[in-house]
Amino acid sequence: MYTFSYVKAKSLQHAGELLAANEEAKLLAGGMTLIPTLKARLARPTHVVDVGDLPELAGIEVKGDKLVVGAGVRHRDVATSDVVRKAIPALSELANVIGDPQVRNRGTIGGSVANNDPAADYPAAVLGLGATVMTGKREIAADDFFQGMFATALAADEIIVRVAFPIPKRAAYCKFPHPASGYAMAGVFVAETAQGVRVAVTGAGPGVFRWREAEAALGKSMNAAALEKLAVDAGSLNEDFHATREYRANLVAVMAKRAVAKIAGK
Amino acid sequence: MAKVEITVNGVKQSREVEDRTLLVDVLRDGLGLTGTHIGCDTSQCGCCTVHMNGLAVKSCTVLAAQANGADIVTIEGMAKNGQLHPIQQAFTECHGLQCGFCTPGMIMAVAGLLKDNPHPTDEEIYHGLEGNLCRCTGYINIVKAVKRSAELLGGKGH
Chain A
1 MYTFSYVKAK SLQHAGELLA ANEEAKLLAG GMTLIPTLKA RLARPTHVVD
51 VGDLPELAGI EVKGDKLVVG AGVRHRDVAT SDVVRKAIPA LSELANVIGD
101 PQVRNRGTIG GSVANNDPAA DYPAAVLGLG ATVMTGKREI AADDFFQGMF
151 ATALAADEII VRVAFPIPKR AAYCKFPHPA SGYAMAGVFV AETAQGVRVA
201 VTGAGPGVFR WREAEAALGK SMNAAALEKL AVDAGSLNED FHATREYRAN
251 LVAVMAKRAV AKIAGK
Chain B
1 MAKVEITVNG VKQSREVEDR TLLVDVLRDG LGLTGTHIGC DTSQCGCCTV
51 HMNGLAVKSC TVLAAQANGA DIVTIEGMAK NGQLHPIQQA FTECHGLQCG
101 FCTPGMIMAV AGLLKDNPHP TDEEIYHGLE GNLCRCTGYI NIVKAVKRSA
151 ELLGGKGH
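Residue numbers (my numbering), protein chains in the order written: chain A, 1 to 266; chain B, 1 to 158.
Be aware that a few hints might be false.
Said to hold, decoys possible - A few chain A residues facing chain B, derived, Cβ under 8 angstroms: (1) 52; (2) 103; (3) 149; (4) 229.
Because the hints were derived from the structure by calculation, they are not lab data. Beta carbons: idealized from backbone N, C-alpha and C, even for Gly.
Chain A with its partners taken away, still in its complex shape (with noise of 0.2 angstroms):
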């Protein structure tokens, strides 16, 4: 690792000061992404600012139709979360395989969404709900706060504060996690919503995307059958020495389809 100075924020505003303040900082929250970023030296900041333990980001709570998160909480939190289980149950199942155990003890909501890994699961539950994220200066939905590989909305000093999400009639989570690393090599969630079904997919292309087609077949009909004759495009997936794209687009497909039967099955 590169020196940094380390710096534990009071608040949200004096952590949203030091952002502001120093334009090589970054935000620390559970350090599963950004500390083995530092040690492998991909970056260098002049400041690391820790906002892992601020209680304005703590917090799991239902407020009217939605189920808010606060950007602190870690993943085991919601995978154990009975106010989670209750509400969108997929939500807790999908923070349950995220990484490992020692991960999801760590692990935050925000920082999962804030760095927008590629194969990261949440930005699927954010997308496929039709999420918004709450920053300190604005409310950012899921279809424009996602941005292509490790690319977001938010500003270089914006903060998210907390994420919600639209309870949904159902909503089902699969993966085909990478055997060595947990990550998803393709991650599709599929939610039936009140304003219609979203497909959300993630480990596959360049950042998580919306299967349109999928939505529109689902909309129709709730049943693994009515993907059937879909494909996604496989040149615009991921290709690298875990997979070829074409085996990511039929990943897709049958993650997809485990999805709707799980579903179904809801």
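Fit chain B to the supplied structure of chain A, relying on the hints for placement.
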């Protein structure tokens, strides 16, 4: 520099460290607690697992400064009064190791798993130990050791 005050295995400790210092380095180099191993140093293998405020964490992926004020338990804190912890006893009985390098982290991860789920099924054990790699055993005897630990702990989990 960061001042780090932590309780390790029940003893209060205080160290001045560089801001970039990792928790595992404070434990090993600062306090001489070399039972916590560094395997991969990239958050994959789980050899460095310790408990921080009751939860299993990979100490190679926690800054010492983040642990300020925390209660840490390492493998050295498991045996009490010369008596092996039931999980250590179970790993011995079931031969849940060969070279032993992963064992301290494995035991701390098992302790975390059993706290949450005192009687895990095989599937739950696989899922619960996903963050720990063993290159010798093929995990068969580790899974046996987890089940034996659950018996020895009598459903209490810890």
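Structure-based check of each hint:
Interface hint status for residue 52 of chain A: upheld, as the beta-carbon distance to the closest one in chain B is roughly 7 angstroms, under 8 angstroms. For residue 103 of chain A, the interface hint holds, since its Cβ comes within 8 angstroms of a Cβ in chain B; the closest pair sits about 7 angstroms apart. Because the closest C-beta pair between residue 149 of chain A and chain B is about 21 angstroms apart, greater than 8 angstroms, the hint is violated. With a least beta-carbon distance of about 34 angstroms to chain B, the hint placing residue 229 of chain A at the interface is violated under the 8 angstroms criterion.
Violation of the numbered hints given earlier is confined to hints 3, 4; the remaining hints are satisfied by the structure.
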